[in-house]
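*Asks:* Chains as they are written, first to last, in the working numbering: chain A, 1 to 380; chain B, 1 to 380.
Watch out, some of these pointers could steer you wrong.
If chains are identical, the list can't say which one is meant, so a pair holds when it fits in one copy or spans any two.
Pairs of lysine to any residue residues, derived as SDA-like cross-links and limited to a Cα-Cα distance of at most 20 Å, are as follows [as the list claims (entries may be wrong)]: (1) Lys-293 / Gln-173; (2) Lys-23 / Phe-4; (3) Lys-308 / Leu-180; (4) Lys-312 / Asp-117; (5) Lys-157 / Lys-172; (6) Lys-301 / Phe-4; (7) Lys-99 / Lys-135; (8) Lys-375 / Ser-309.
If you're looking for bench data, these hints aren't it; they were derived computationally from the structure.
There are 2 protein chains.
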Amino acid sequence: MVPFARYLAMNKITNIKRYHIAKVYRRDNPAMTRGRYREFYQCDFDIAGQYDPMIPDAECLKIVHEILSELQLGEFLIKVNDRRVLDGMFEVCGVPADKFRTICSAVDKMDKMPWEDVKNEMVSEKGLAPETADKIGEYVQLNGRSELIDKLVQDAKLSQNKVAMEGLNDMKQLFVYLTLFGVEEKVLFDLSLARGLDYYTGVIYEAVLAQSQAATQTQHNELSEQVSVGSVAAGGRYDGLVGMFDPKGRKVPCVGVSIGIERIFSIMEQRLEASDEKIRTTETQVLVATAQKNLLEERMKLVAELWKSGIKAEITYKKNPKLLNQLQYCEETGIPLVAIIGEQELKDGVVKLRVVSTREEVDVARENLIEEIEKRTCQP
Amino acid sequence: MVPFARYLAMNKITNIKRYHIAKVYRRDNPAMTRGRYREFYQCDFDIAGQYDPMIPDAECLKIVHEILSELQLGEFLIKVNDRRVLDGMFEVCGVPADKFRTICSAVDKMDKMPWEDVKNEMVSEKGLAPETADKIGEYVQLNGRSELIDKLVQDAKLSQNKVAMEGLNDMKQLFVYLTLFGVEEKVLFDLSLARGLDYYTGVIYEAVLAQSQAATQTQHNELSEQVSVGSVAAGGRYDGLVGMFDPKGRKVPCVGVSIGIERIFSIMEQRLEASDEKIRTTETQVLVATAQKNLLEERMKLVAELWKSGIKAEITYKKNPKLLNQLQYCEETGIPLVAIIGEQELKDGVVKLRVVSTREEVDVARENLIEEIEKRTCQP
């Protein structure tokens, strides 16, 4: 988000919605044993601009939901929280302002250790009063949806805190929008989600995949206590970052998400290795093929016709390829159709169109070929 | 091509066709005043594998032709030559083997200076005998297509040179394939094309754009003497490069082309600035809009329906946007359709579909909306 914010400030951009997939480089020394390399691919989606509350924020969550659903990565959960709810909560619990950050990073460990250990860290290592820690504990063990937000809005202490109430009201609005988008079931308001809060100013979120093996454990909350295999997407609102790079401090409100594509790819690869699924390695729709000799020139003419009409087509780069090899190539790469020509087809003005998966073959008049291929491959 | 060849060798890949667009970094100190930066985008297309002669080579030229035609960059010419024709020519002219390379780089200047100056460089600076230079001059001033190849095949000296004849026979075959692909008119066999020959082993090519202002000059050859604005694509066959990176020296024949996308983009930008053409800055097909207040939730529901069907759709992130602003946004960004809802449309179960360019509006039953949008935007 930092390079994006700098880019907006330098180019005086006040409105943009964009995604970005690129190789980036870590500044720190990554722990390569944990699969963190210095060079890696990052995928970001961000919406910048002065808009009405929570509308772009809801779209970011919708996009995370869509990506994780479409890729069929199994059960997932998107935890959300709000910087302002956390700040307000720490305040009403009596955490000194200079301890917000360190207490925050302790709270963030609640997905990895039980509350008692987190409390212990707060009290013994970070010098927080045990009563203060207990008050925090009452909040950060909560998670839920609209009903929890309603409860917190009426909470004796939080309701007195202006910042917390702003966060809670926005969170309520967010769940209304998430329901309209049909994604609220996979989103959970979780007061222990704390992430690095350095530049987040509003909503924060993190998507985690659930391991299905853990589904047999006794569970209080069906989704949140499945063993997480780690975060696959995370982000939030960062309204102050662009202003830090603008010489005049002009702010551009932003909300965005980073998708952990390297982790997602490694999960998908594992799943594919475990199954017998074929990965389609090409976008080619048709292979122009022949069973006879000396038809390279005819194949070239036909493939050029298909290219001209925008069909993704290929020929084998051999003068006299075997039909079997051409069909095997389609099966290996996932090309769905074969347009076969021979002396007879040329004489009759037809092309034999073969569906690779079913082996069905049909003669198509040459002038109808484009239309027929489009009908069979275009998925509008 | 070097990183690609290394990649093939390291991963033992013997067959691949791929394109690649990425930021790369120059090793040398670029002359930034001439628009050469150390960081720049490169676009490559390569075909690797043991195939029958000139089939993938012809496809590379077809692709260059397609790119330059589709982008409407104006008149262009693709010059082709062959490393073996150049080597054979130098041999039969009597150039000492250790002078091939330096004479080659002199020949390569013929697009920028007249033959007399090039000859002068060969003789005075590079110590070539004047008769040898004159013999070279007879060849390198030639350009043409099949008829020139036929003439050279019968050339008393060249026809005695095995390497040159291999190159000429392949060149003849290449033009047959280019004719089948319908691109031979823009391709010119030019014996002065010499490029850096370090790793090329067969056909070489370079695409140049012609400046139309130059079209009024007296011209011997219509295309080749228009003033070139420089190379926008170049490449050739490099059959030895992968073997250099393979520990056992296993060769993988390759042919490829680099597209000068930065130069092409700057030409396209200049042209767009000069015209009043609108650049479409989004792929969005439909904006879901309203003229009335309090319909954000209905817009959200509809946009989610469209997303679910794979339609590229947007809403404005405002609770109560003005219709005019929503329509202006479509005009600015080039979104072709607007799906307008109001109280009446919701009651009637319809959506008002507006075509931005014609301002035509038609009521579409909600259950037919997806189909109607697809019909109007899908270009199969």
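*Asks:* Indicate, hint by hint, whether the structure satisfies it.
*Replies:* Okay, the hints, checked on the actual structure:
1. Lys-293 / Gln-173: between (69 Å within a copy, 18 Å between copies)
2. Lys-23 / Phe-4: both (14 Å within a copy, 17 Å between copies)
3. Lys-308 / Leu-180: Answer is between; shortest inter-copy Cα gap is 13 Å, intra-copy 43 Å.
4. Lys-312 / Asp-117: For Lys-312 and Asp-117, neither the intra-copy (59 Å) nor the inter-copy (48 Å) Cα distance is at most 20 Å.
5. Lys-157 / Lys-172: within (18 Å within a copy, 87 Å between copies)
6. Lys-301 / Phe-4: neither (47 Å within a copy, 30 Å between copies)
7. Lys-99 / Lys-135: within (15 Å within a copy, 86 Å between copies)
8. Lys-375 / Ser-309: both (13 Å within a copy, 18 Å between copies)
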